[in-house]
Structures are given as structure tokens and as C-alpha cells.
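Given chain A's structure and the hints, the job is docking chain B onto it.
Next come the chains, spelled out residue by residue.
2 protein chains.
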Amino acid sequence: MWHYEPPLRDMRFVVDEVLAAPAAWARMPAFEGLDSDTAAEVLAQAGKFAAEVLAPLNGPGDLAGCQWRDGEVTTPPGYRAAYQAFVEGGWPALACDPECGGQGLPQLLNAALYEMLAAANHGWTMYPGLLHGAYECLHAHATPELRERYLAKVTSGEWLSTMCLTEAHAGSDLGLLRTKAEPQADGSFAVTGSKIFISGGEHDLSDNIVHLVLARLAGAPMGTKGLSLLLVPKVMPDGSRNAVHCDAIEKKMGLKGSATCAMRFEGATGWLVGEPNRGLAAMFLMMNAARLHVGLQGLGHLEVSGQNALRYAAERAQSRAPRRPEGAEAAVADPIVLHPAIRRTLWTLQARAEGGRVLAYWAAQALDEAACDPDEAVRRAAEDRAALLTPVVKALLTELGHEGADQALGVWGGHGYIHETGIEQVVRDSRVAMIYEGSNEIQAIDLLLRKVLPDGGARLGQLLDWAGAQAEGASNAQRLRQGLQALRECVDALVEGTASDPEWPYRAADDFLHALGEALLACAWARSEVAAKAALAEGAADTAFYEAKLQRARFQAEYLGGELPRRLSSVERSRAELPFLPTP
Amino acid sequence: MWHYEPPLRDMRFVVDEVLAAPAAWARMPAFEGLDSDTAAEVLAQAGKFAAEVLAPLNGPGDLAGCQWRDGEVTTPPGYRAAYQAFVEGGWPALACDPECGGQGLPQLLNAALYEMLAAANHGWTMYPGLLHGAYECLHAHATPELRERYLAKVTSGEWLSTMCLTEAHAGSDLGLLRTKAEPQADGSFAVTGSKIFISGGEHDLSDNIVHLVLARLAGAPMGTKGLSLLLVPKVMPDGSRNAVHCDAIEKKMGLKGSATCAMRFEGATGWLVGEPNRGLAAMFLMMNAARLHVGLQGLGHLEVSGQNALRYAAERAQSRAPRRPEGAEAAVADPIVLHPAIRRTLWTLQARAEGGRVLAYWAAQALDEAACDPDEAVRRAAEDRAALLTPVVKALLTELGHEGADQALGVWGGHGYIHETGIEQVVRDSRVAMIYEGSNEIQAIDLLLRKVLPDGGARLGQLLDWAGAQAEGASNAQRLRQGLQALRECVDALVEGTASDPEWPYRAADDFLHALGEALLACAWARSEVAAKAALAEGAADTAFYEAKLQRARFQAEYLGGELPRRLSSVERSRAELPFLPTP
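Line order of the protein sequences matches chains A and B. Numbered according to the working numbering, the first sequence terminates at residue 629, and the numbering increases by one at each position without gaps. Numbered according to the working numbering, the second sequence terminates at residue 629, and the numbering increases by one at each position without gaps.
Bound conformation, chain A alone:
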């Protein structure tokens, strides 16, 4: 049966041996005293919560869905109690400032926490998913009065939070937003407008909901430079209900346990967070972390799909395999895990999940270093790394998560198409992660057009140097160097080609993001190989773990090593004209 086994062993390997995070924490005063064992204990407890509390609610929550009635939303059975336990466990405050009631742990551990939550129950995780962003936003931009009133309760998770951005006619293009905010005599604003796709806009998990709303002040310029951010609570400080209404919840492909709300603000009272017309900048502060967290959802989907597919394949017997392990008993049918097509799928899922974990955790570590390293040069380099890694992690891992779940479904054959097996829900739940927090197409444009080309690839070159250094000592180091070099040449070609054909990078952006992603995955695996070999050389007890790791590193190089050249060649192909379409 479907269940979730937190990959604690692999997480510890990545955190301690691949990233050498404990040594990095020792450099940062904010993480003084944090060591490998403490971190492992935090993750073990988080894993226990994910596996024992959240995972059992996942399938039933998908069937029950959320119910809307007269503006109130009821979440699936068990969701509220699980959320109370989550708050009592102190999990929302894991990576928050101790001065605000947080635990002050690294983003890296928060990343591992959210990977596990999403793997166990993505729908439920949508509710606390925006808390940390709201915390950061209020922490950095709110007035002392607003902080006083809201920050502690958002930090602890006692009150949940939303981000109200999208309107029916304005999704990727926030410049088209129409919601308006009019100043009131008491310094507050009256917020009026309709928002859609608001995750957790209404629910029964917390007594109050803190909405962060993008709106336009009277007289503000059109476009994204006229947007302001307002805090609009569901319940006013005096206990009365604010003029915020949930008109409906969406009937979605997946994430049925998460209430996706159509919200109507009818002159609702709100307070400005940050400067007028600088709302998008205030929100962008939390963008890297938010996008990283979406990538972690993809990683969770990949992990949980792969481990369940493996368990099923080891049990299900169908036909004889063309080859069997030595000493295997003869039978009329072999476990399908012995069949080559199934083996290839399972190795792929494992190689993608473990490589993806290194990639995502690299990004989380970069956020910690950017925020907390005492050396300014280190902080700046880490910030650059995070800026480039984030869109790759977001787009690549959500795609690998969704495609991986879809591929895993095939391991169950027809049984995979049935709800009770569990995998079809992951296919449905995972799809939206490719869209929200900036669609993957937008991530690709952000990467290539905003972050790589403007400086002629200089910042990217530093990332590639860093990635190449990670891969040093690996058995295929030379081929990796060639791959990184090919990527540099690709950037040079794009820089040059853009002059005569400014549209080319837009056509090439998606393949370019994947090319960079594949190069980084290859380096992540090279680094993992080096770490595993070192552990074996030092006589580590857990030899089975490290030997399996080396097998997957070989699989990555041999079977998946064609992805980078393929993507580079697609970038080249996209030089060809792409005409406008005849429309019907």
C-alpha cells in the first residue's frame, strides 16, 4: 500500500557529506551550536510528523475535498487537528528569527521539512506553505504597529496567511491588476477588488487569516510599478469580520484538499506593508524562497513516487524477466522489478530524485549563506548563486516531479489509473507546481533574459566554475568539464545571436534552462560520487548505502548523460524562425 518513508538517510548524506553544511554553519553566528546530530534529529522529527500525521490524510483528503457553504470553507477531516499539531510542534517557526519567536534554524533544514510535507501531503501543505513568505514580508517591511499585531502570530502559525495576487484577467502579467486601495482617515486603506486562485483564502484551520494583497493606490501609475502591498485581516483587531468574502472554491485537477478561493474585497480595511507603489519589490523579497519551495514540492513528488513504485515492483509478479539475479528461484512469473523497462524507470526516478535533492539543497544553502555568512564577498557570491539556481530548481524539479509521477504510474499498469493505488493523485497534484509562483516558461525567461544575458554570462560563468569545482575528482570529471564548456559556448552564441534576432533567447529559454539544469544535476551526481567514495575509503559502516549511491551515479552518467547535449542542440535548433500562427 501507498506510504511515505522520509528519506532521512539520503538527506543526512546530502546535508553532511555533499554540502558539508555543518562546517558552513560553524562559520555563521546565526547558527552557532548547530551540529550534524541536532540537524538530523530535527529532520527525524519532521519526517515522523510527515509520515505519521500527514501522509494518512492525503488520499482521504483528495476524495473528501473542501466544501464551500455560504462563504465558509470546511477542509477535509483531520486537516485541522494536523495543523494544530504542526503549530504546537513549532514547525512554522523553524527558520524564523528567534527575536520574533522563531527557532532560528537554517533555510536548508526548512527546505528538507517542506520536501517531506509536500511528499506526504501536498494539498495540506498548501495552507502553511505561504506562512514563511508572509513572515519574511512582515519582518522586513511592516510598520512597528503591524509587526506588533501580526508578526508573532504569523511566525508561530497561529494565524495563517495568503498572497492575493492573481485576478481573472491578470495572471503572469501582474501589471494588469485592478484591485484598488483608497486611503481612510485613520491611516488604513479600503481595499476593493476580486482575486482568484487564492490558496487558503478561506478555511477552518486557524481563527484568523492574514491576507497580503497586491492593489493599486488611487492615482498610482499603470503597470507593475503602481502596485502596493496591503495587509488585510479576515478578522479585525476588535474581533469583527472584515469585508473579505470567499465567493467560491475551484474544482481542480488535484490538490483537492487545498481550498483555492475566489475572494472579494468590498472596501475591506487594510494597512500598507512597505512603501506605496513598491508592493512588488516587497513581495520579491520572498520570491527566491517561495520558488525554491515549489521546486521542493516537485522533489517530494519524485521521491514518494519512486519509493512507492519500487515497493510495488518488488511485489508484483508478471511474466518472466529476460535475465534474473544469480540464484533467483525459477517461477512462472518474476517480480516486475526484474524487467528491464521497469528497472530503467525506477533507476531514472531514483537518480532524478537524489540529484534533484542536491540541487535544491544547494539553493537553500545559498540562501542561508547569502543571509548569514559573516563575509560580505561570500554573501554576495551566494546571492548570485541563489538567483541563478532558483529558477532552475523551480522549473526543472516541478517538471521532473510531474513527469516522474506520470512515468511511475506506468509501473502499476492499469492499477495505477485507480485512485486507491495513490500514484494517480500525485500526477494530478503535481501538475500545478509547474504553473504557480511564476510558470516554468517565466522561470526560463527570468533565467536567460534577466539573469544570464544582461551581463554577457559573467554571473553564470561563476556558477559554472563553482559547479565544476564541485565535480572535481569524479570519474567522469572530464566529460563534465566539456559539458560546462559547451554551455558557456551556448551562452556566447546566444549573446551574439541576440543582436540580430532579439527573439531567439525567448524561443531558446526553456531548452537553455534545462541544459543548465542537466549540467548542474550531472555535477550534483559527480559530487555525490566523490562523497560516497570518500566514505567507503574511510571505512563507513553503511556500505550498502554508498554502493547503491555509486550505482546510481553510474546510471546518471550512462543513461541520462545525453540530456545536456540534447538540450544544447535544441537551443541551436531554435535559431530557426518561428512564424506567427494562422489563427482560426
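It cannot be assumed that every hint is accurate.
[To be verified] Think about it this way: if two alpha-carbon atoms lie no more than 16 Å apart in a straight line, the pair counts; the simulated EDC-like pairs of lysine to aspartate or glutamate are:
hint : chain 1 : residue 1 : chain 2 : residue 2
1    : A       : Lys-198   : A       : Asp-142
2    : B       : Lys-578   : B       : Glu-592
3    : B       : Lys-296   : A       : Glu-465
4    : B       : Lys-198   : B       : Glu-181
5    : A       : Lys-296   : B       : Glu-465
6    : B       : Lys-198   : B       : Asp-252
[Unchecked claim] If you want the footprint, here are the derived chain A segments under chain B, 3+ residues with CB under 8 Å:
hint : stretch
7    : 293-300
8    : 446-456
9    : 463-477
10   : 545-555
Note that these hints are calculated values from the structure, not bench results. Positions of the beta carbon are idealized from the N, C-alpha and C atoms, including for glycine.
Positioned in the frame of chain A, the structure of chain B alone reads:
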């Protein structure tokens, strides 16, 4: 809003100009008098039924689903009336023998009919989907008594039919089946056993249901050579109910309008169809047509996804495009159809759908020639071609259909994740086509291990000669010839490599199938280009159609031409050892 526009113009182009089918029909006495206009009229009527009767039931049927109560199944509102109209229109009998009440039209037209039905409403189409197979099976193998009693009603569709193969422990491996059939004094058999995943096992569309059941006679050998086929009606000739029970219907990812039944046969009365222990052979007769029809479902998904995505993209405005058509008005936001990433998705969907249509219709035409050409050599060549094309059409088009729908969803952004948009249902509905009628992994093994390698690639070589001839005169003919040559060399390598590593072709099968598929798609597009150029040279009136066709042919060559080399290189990569997995 979501709707389905039958691609009649393109169908006529493929049937008349690419396949030159009317000339082929003229050679075959069975199709005497059938001309291009008659065929076009048949398709126009079929398209009208699909678009006007079936398409409106598709979304509501997904929401309503099927209801099971005390062994009875209620289909979604409107399904029964639509089915009555389908029978009254004579559609089930389209390609059946006139002597049995059929209309005697080619499989090619039946293929186009089923493409449209599946595109409009895949769930509903599951009910008549097995009728033609049952017809062929009874037509070829049933005793005169059985034919007398059942054939006319199955031909007309008055009674629907099922194929009862799968059991809980026996899916891909039918040799494991346990359902048994015991002879009775009157020559009938008592059938006992449990079957799962029986499409249309119970429903309210027809008064009787004719089950074709694979079972094992007492004393029959184990494995697939001990299976017999039995006809087991729901209602006995005397009007009493047979001992056939529907115990449950499955809760599935998609196709919710189609009742997927768990069936229990409790000593139900049945009659042998064909020879004892030759049940699988009797069923294999209809395998090519059945698999082609599943491929057509994928084609339908691709077509309907692409056309709806294009309509939406032409209406939805979001952000400015980096480039615009000359003379386009300045606006704060452009229709997303102008954005390069969206354009690329839409061109891809169109190129895949139109190329896939040529490929699928080639296979249908081969079935007609194999059955009806007066020249035995032509029949045999067509049979060989159908044998090779069938697994490619089934696996490749169902994959393109599902992936295409999934990619199309992104055109709607967050709106695509909502049920009312329509596209998320196609993503869910399309997934199972990759599994049933022999999973795509099994199609790949069938192609490479059973049909290509045993004769050292001789039969495949003939197909490649034929495909190369199709592409003659195209602008990229030389590159296509190189591609076909690379495919031949790949087969040679596989033949040689198999001697020392018999598992290699199993590891390579999936990539090999795709390589062949991509080569055939490229030839299909080359042929389409030649036909379009010829029409333009002859001064065809409909220049916009042909010029758009040429644009898509260029897109295929420029943007998608990398797929064949990529797959060939993956075949080569799969020489690497693929170890058994450490299991948990």
C-alpha cells in the same frame, strides 16, 4: 469555451492527397464505387455527430461519473440517448461486412470516425469501442448457431460487447489467468472466475451485453496456450439473467463516464468461440485494429487539445510579446499566441497531430489493403507494414496525446488546472491509453523483439524503403534518407549486440520504437509537404490551408528534427549495464 471542431479539411487532405486512398479503393472490389466525395460526406456526418452530440456530454459526464447500485450501473445523463442515436445512424456497422448488415466501408474511414469520437468524448467512446473487435471475432470464429444469435446485433450495435481478459493477478501476463470453463451436457460451458478492469462490463446503454471471456478449460495447459475464448451473454436467449455480476466500478483518474467493472462469473453459461485452447489466437485477430484504435484516441487528444489551446491563446492577453506581426496594434498586453513559448507549444501540438494523423491513417490503409487488395503480394506487404506500424501508432500516439494534452494545459496557465476549462480532463482521460491494449512498454518489446530482430531487420527494411519512397521529392529528402540509414545501422548494431547481451534490446526497446516513430513522422511530413506543394502548383483554391501546411512541415524539420538522433543515441547509451535494484 472548450469545443471540438472536427478536422475534416485535414482528414480529406490526408485521405485524398497524402494517402491517395480513392485510387487504392478503386483497385479493391470490396470498395467498389466509393469515391472521395462519398468518403468526405461520411466523415462530415461523423464529425457532426461527434461535435454536436458527444462533445457536449464530455465535461458533464466527467463530473457525474457512473453510479453503481446493487450490481446495476447508471451512465451519465445523455449517454444512453447518444448511444441510441449512434446505433440509429448505423455507425457501429460502418466497416462491417454487408452480408452481416454492415456498410462495408474501409477501416480507414472507421479510423477517422473513431479519432473524432475519442476527441469529442473518450469516456463515452469506450462503450462502442470494443464492438468492432467483437464483430471481427464472431465473424471469423463463431459457430453458425452463435453467429445466427449474436452477430447481427453486435454488428448493428444493438447489443454492446466486452473483452474480459484481466484478472487481479494477471494483467500484461495473461498466462496467469485462472477463470475456468467447465463443459455442460448441452455443449455450453459453465464459466467461473473474477475479472477486473472490464470496460462496459455493466451499463444501461443496451439491453444485452455480449461478454467475450478468456478462460481455461478443465485440464488445459498452464500459460497462454491453455486459454479459450467464450461468449457469455448478460441476458440468456430465453430472457433470463445469466450468472454474471458486476460487483463494483473503479474510481479512476479519468474516463469517469466509462464504467470500469469488476465482474464475477458464477458458473455463467457460455459458448466456445473458436478452438479450445486457441482463445488468444482468436483475440489476436483483432489486435491490430484494436491497437490502432487506441493510437487514434491519442491522436484525438492531441487534436482537441491543440485546437482549444490555440483558440484560448488567441483570446487571452497577458504581457507584451517581444515581437509582433507587422501592423499589430500597440496594447498594454498582447494575446499570448504571440509569445514565443506559447507559439512553440502550439506549433508542436499541430505538427504532432497532423503528422500523427498521416501515420495512423497509413496503418489503417494497410489494414484495408491487407484484407481487400486483389493482389496477394500487395496484401502480404500491407500485412507486414501493418504489423510494424501498429505498435508504433499505439505507443507513440498515445504518448504524444497524453504529453500533448499536458503541455497544452500550460497554455491556460492556472486556468488549465480548473475543471471547467476542459483541458485537465483530457490529461486525465488520455493517460490510460498508454496502458491498455498492451502497455506501451509491451508494444516496444513486440516491435523490436518479435517483429524486427527475428528476421534480422528484413521486414523493417521494407518498411523503411516504403517510408523513404513516401518522402521522395521533399525539401529535406536527403536528411531523411540519412535518418533512415541511421535507423538501419541501429538495427544492425542491435542484431549484433544481442548475441553477447541478450538483454540489450529489452533495455533499448522503448527508444527504438520512438526512433522508428520519429523517422516515420518525418516521412509523413515530407509526404505532406510534397502533396501541399503539388496542390499549390496545380492552383488549388485553398492556398491558406496549403501554406500553413508547409509552415508546419518546416517547423517539424527544424524544431522536431532532433528527436530521431536523440532516440538513436539513447539506444546506443542503453548498451550500458542496468543493474538489478537494491530493494527495500
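Please flag the earlier hints that this structure goes against, numbers listed from lowest up. Violated hints: none at all, because every hint is consistent with the structure.
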